[in-house]
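Peer 1: Sequence:
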Amino acid sequence: MSQAELSAPQGRGAVSNVRLPPRGRDQPQPARSRRTTFLGTLLRNELLTTFRRWRTLALLAVLAAVPILVGIAVKIETSDGSSAGADGGGGPAFISQITNNGLFLVFTALAATLPFFLPMSVGVIAGDAIAGEANAGTLRYLLVAPAGRTRLLLTKYATVMVFCLVATLVVALSALTVGAILFPLGDLTTISGTQITFTEGLGRALLIALVVAASLTGVAALGLFVSTLTSSGIAAMATTVGLLITVQILDQIPQLHALQPYFFSHYWLSFADLMREPVYWDGLVKNLGLQALYAAVFGSAAWARFMAKDITA
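First residue of the sequence shown? That's 3 in this note's numbering, and the numbers climb one at a time after it.
I should point out that these hints are in silico values taken from the structure, not numbers from a laboratory.
As the structure is a computational prediction, the values presented were derived from the model and not from experiment.
Any given hint could be a false lead.
Stated by the list, open to error - So the derived label-pair ranges between C-beta atoms look like this:
| id | residue 1 | residue 2 | range |
| --- | --- | --- | --- |
| 1 | 202 | 71 | 24 to 30 Å |
| 2 | 298 | 204 | 31 to 37 Å |
| 3 | 196 | 309 | 48 to 54 Å |
| 4 | 302 | 244 | 20 to 26 Å |
The C-beta atom is built at its ideal place from N, Cα and C for all residues, glycine as well.
Kindly produce the complete structure, drawing on both the sequences and the hints.
Peer 2: Pasting the structure below:
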């Protein structure tokens, strides 16, 4: 500060020559802006942590290997000119069309992984979301941050849903690559017998992948709820996968036909209706509505449990 500034009058009515810091980045951010910034940072860190784990990479590698094995098996089986699988519509019957068009390997791979491999992977990630943090002793430190329990739970669920999408796309892209290498590509015939272009077929394949990812929202919410019940990540993962297998078995028992439409896995293979002309929306709407119901019920239960949970680790 210069001598002139020091000697300037400093009375009540005097104007000080001392420069104030500029308004902008040096000013503290509003509370809402800080919370939003922290929430984005928390989600980014959760995604990086999840997808850097060897367990996550191993699950994605297994999912990517399933279409490769299916494609090689079909190629070997049809090497003598015979057709693979059985004719018919829906789900695994797509396998009979793979030799005519490699794009059908995408639909076959999703149908093969959806009953077990995809939901099991989601169950492992969701079951470890909260219980894994408690077991590692990091949950208490996460709650000290300004995100709060509700935002932390939402961040965990968002991370699991991103994994659902990534896992489904890994299966689809692996199948598309293998199908393009081993089989011809081109216009394809829908289940209804009509012809669509390869570009439209790719669009439907992407739509089917998104529907499959959305079909896992119920499992994700169920796994997150189980994860709030225990401090053992292994126990939460095992319980979630066990419930998944139990529901799959119950869905195959004819005597339980009255209850089966309420099982989260009952309409999973309805995505095959997207390969009809015109598209059958009844099963798809029921599937997505049921997944939304499971997400709401078990998401609310997870929130209620987590808000009342005594965090000791």
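Peer 1: All the hints need checking, so say for each whether the structure fits it.
Peer 2: Consistency of the hints with the structure:
no.: 1; hint: 202 x 71: 24 to 30 Å; result: 28 Å, holds
no.: 2; hint: 298 x 204: 31 to 37 Å; result: 33 Å, holds
no.: 3; hint: 196 x 309: 48 to 54 Å; result: 52 Å, holds
no.: 4; hint: 302 x 244: 20 to 26 Å; result: 22 Å, holds
Checked against the numbered hints given earlier, the structure satisfies every one of them.
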